[in-house]
Amino acid sequence: MRIAFIKREQELLERIRSGDEKAMEHIYNKYREEFVGWSKDKYSAKHEDALDHYQDAITILFEKAMNGRLTEIESSLKTYLFGIGKNRIKQQFQKEGTRASHHTDVEEHYQFLASQESASMYDSAAEATSKLFNSLSDQCKRILNLFYFDKKSMSEIAEVMGFKSEAVSRTTKKRCLEKIREQATKEPENVR
Amino acid sequence: MSDKLDKYIQGKLSEEDRQSFESQMSPEEREDAAFELGVKSEIERDVLRAKVSEFESRRSTGLIRRYIGIAASVILIASFSYVILSDKSDLYDQYYSGYANFEHTVVRGEMSESLKDQAYRAYDLGQFELSVSIFQDLIAKDPANIPAHFFRGMSLMEIGKFEEAINSFEVVVRADSEYKEAALWYSALGFVKIGNQAKARIFLNQLIDSEEYAGKADTLRKEL
Numbered sequence: 001m002r003i004a005f006i007k008r009e010q011e012l013l014e015r016i017r018s019g020d021e022k023a024m025e026h027i028y029n030k031y032r033e034e035f036v037g038w039s040k041d042k043y044s045a046k047h048e049d050a051l052d053h054y055q056d057a058i059t060i061l062f063e064k065a066m067n068g069r070l071t072e073i074e075s076s077l078k079t080y081l082f083g084i085g086k087n088r089i090k091q092q093f094q095k096e097g098t099r100a101s102h103h104t105d106v107e108e109h110y111q112f113l114a115s116q117e118s119a120s121m122y123d124s125a126a127e128a129t130s131k132l133f134n135s136l137s138d139q140c141k142r143i144l145n146l147f148y149f150d151k152k153s154m155s156e157i158a159e160v161m162g163f164k165s166e167a168v169s170r171t172t173k174k175r176c177l178e179k180i181r182e183q184a185t186k187e188p189e190n191v192r
Numbered sequence: 001m002s003d004k005l006d007k008y009i010q011g012k013l014s015e016e017d018r019q020s021f022e023s024q025m026s027p028e029e030r031e032d033a034a035f036e037l038g039v040k041s042e043i044e045r046d047v048l049r050a051k052v053s054e055f056e057s058r059r060s061t062g063l064i065r066r067y068i069g070i071a072a073s074v075i076l077i078a079s080f081s082y083v084i085l086s087d088k089s090d091l092y093d094q095y096y097s098g099y100a101n102f103e104h105t106v107v108r109g110e111m112s113e114s115l116k117d118q119a120y121r122a123y124d125l126g127q128f129e130l131s132v133s134i135f136q137d138l139i140a141k142d143p144a145n146i147p148a149h150f151f152r153g154m155s156l157m158e159i160g161k162f163e164e165a166i167n168s169f170e171v172v173v174r175a176d177s178e179y180k181e182a183a184l185w186y187s188a189l190g191f192v193k194i195g196n197q198a199k200a201r202i203f204l205n206q207l208i209d210s211e212e213y214a215g216k217a218d219t220l221r222k223e224l
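Just so you know, the sequences run in chain order R and E. Going by the working numbering, the residue at position 78 of the first sequence is 78; the numbering climbs one at a time, nothing skipped. Going by the working numbering, the residue at position 173 of the second sequence is 173; the numbering climbs one at a time, nothing skipped.
Careful, some of the hints might be misleading.
On the chain R side, residues computed to face chain E include the following (Cβ under 7 Å) [what the hints assert, rightly or not]:
1. Gln55
2. Met121
3. Ala125
4. Thr171
Ranges between beta-carbon positions, derived for each pair [unchecked claim]:
5. R:Asp20 to E:Gln94: 48 to 56 Å
6. R:His26 to E:Ser14: 36 to 44 Å
7. E:Asp142 to R:Ser165: 50 to 58 Å
8. E:Ser14 to R:Ser165: 22 to 30 Å
9. E:Ala140 to R:Asn145: 38 to 46 Å
10. R:Arg142 to E:Asn167: 22 to 30 Å
11. E:Arg49 to R:Gln183: 14 to 22 Å
12. R:Lys174 to E:Arg49: 25 to 33 Å
13. E:Ser53 to R:Gln91: 15 to 23 Å
14. R:Met161 to E:Gln19: 14 to 22 Å
15. R:Gln10 to E:Glu29: 28 to 36 Å
16. R:Glu34 to E:Gly195: 33 to 41 Å
17. E:Glu28 to R:Gln91: 32 to 40 Å
18. E:Glu29 to R:Glu33: 41 to 49 Å
To be clear, the hints were calculated from the coordinates, so they are not data collected in a lab. A virtual CB, placed ideally from N, CA and C, is assigned to each residue, including glycine.
Let's have the full structure, built from the sequences with the hints guiding it.
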């Protein structure tokens, strides 16, 4: 029984890793009510807050799964999800309203990020992206999504976008990143 | 090199390749990589957040639809209840009789019993729960096995699962087999039993030319 259960969860994780939306929706619906009820009971969260916590936690779960940082889980998806949720809720209690950096999370895979400069570059790039992404052209949004989310190669992007060659994909992507890069590399005191 | 950097950023390198790639990076390359990984983390989170809120909104429209469904069936039940109160459903007991199996005779005491033997034997012995599941297995092996659909339907009628039975009969009717008229008749009886007389009439009307069922169908229709 237990082995079959683990196998099923592994299959689900594998499907999420490949970007399967049906699997994501399945998991979303599976744990939603229990999680919302749990954070209302245990942390006296309001309904909307409980739902926010759930959406945050599940987004993180999907993110980890997609990046292969969750290929094998010792307990179960549910325990893992509730664990993330607990941390999120505690974080919110500690520093209301601040943007949580999550570079420590990726350090196991990208070890150089443990260094001070790399970590701060990572954080400011993420922040700049969140600020500027919506103001980019549609073409840029599409290319960046294809590359960073769908993990498409430059030649696949050329095909999807109707570019002549992968070199065009590469230069277009570079151009799209320039604005974000400019913002990210500004000295923090100049930003304010 | 840039191809490998892409793969590195996208997390497509093996553990070993990733480590060796990292150890060879220049300071500028590290900065580039940190920048791109930061962009990537935000984009990923953004896309996933959008998906998650889409799941949530699909959920609520789904729920509304479900509530409308429940409300509609409450109204339906209310409007049919007078029919049920007038006790049409005992017409079912009056008209229903089982369907004998002439499809397949099982020779008892034979050494090896095929799935088909087991199914019809269970049916003949009145073990309908069992026969439902064995007929189901036969259908799984060969979905075009029409007699199996029909006798699965009959087994379901016997254990009071009328809706499911009607579904089985539907396959039989569509296939236009020798069991078609019987399937129409038992579907009509199933609908009588669950209180859907309008549907029952539709099925009975299709039996007016039937040698075997026309008479019964006509009298039942008049009594509805």
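Quick rundown of the hints versus the structure:
For Gln55 of chain R, the interface hint holds, since its Cβ comes within 7 Å of a Cβ in chain E; the closest pair sits about 5 Å apart. Because the closest C-beta pair between Met121 of chain R and chain E is about 4 Å apart, less than 7 Å, the hint holds. Because the beta carbon of Ala125 of chain R sits about 3 Å from the nearest beta carbon in chain E, less than 7 Å, this interface hint is met. With its C-beta approaching chain E no nearer than about 11 Å, Thr171 of chain R sits outside the 7 Å limit, and its interface hint is violated.
Take Asp20 of chain R and Gln94 of chain E: their Cβ atoms lie about 54 Å apart, and the range 48 to 56 Å holds. Between His26 of chain R and Ser14 of chain E the beta carbon distance is about 29 Å. The supplied range of 36 to 44 Å is therefore violated. Separation of Asp142 of chain E from Ser165 of chain R is about 53 Å and conforms to the stated range, judged on CB atoms against 50 to 58 Å. Distance hint check for Ser14 of chain E and Ser165 of chain R: the Cβ-Cβ separation is about 28 Å, which falls inside the suggested range of 22 to 30 Å.
Distance hint check: the CB atoms of Ala140 of chain E and Asn145 of chain R are about 42 Å apart, consistent with the given range 38 to 46 Å. For Arg142 of chain R and Asn167 of chain E, the hinted distance range of 22 to 30 Å is not satisfied, since their beta carbons lie about 45 Å from each other. The hinted window of 14 to 22 Å between Arg49 of chain E and Gln183 of chain R holds, with their beta carbons roughly 21 Å apart. Distance hint check: the CB atoms of Lys174 of chain R and Arg49 of chain E are about 26 Å apart, consistent with the given range 25 to 33 Å.
Taking 15 to 23 Å as the suggested C-beta distance range, the pair Ser53 of chain E and Gln91 of chain R conforms, at roughly 21 Å. Separated by about 33 Å at the C-beta atoms, Met161 of chain R and Gln19 of chain E break the suggested range of 14 to 22 Å. Checked against the hint of 28 to 36 Å, the pair Gln10 of chain R and Glu29 of chain E passes, with Cβ atoms roughly 35 Å apart. Between Glu34 of chain R and Gly195 of chain E, the C-beta spacing of about 37 Å keeps the proposed range 33 to 41 Å intact.
Look at Glu28 of chain E against Gln91 of chain R: about 34 Å separates their beta carbons, and that is inside 32 to 40 Å. For the pair Glu29 of chain E and Glu33 of chain R, the beta carbons lie near 47 Å from each other, so the given range of 41 to 49 Å is met.
Violated hints for the displayed structure, listed by number in ascending order: 4, 6, 10, 14.
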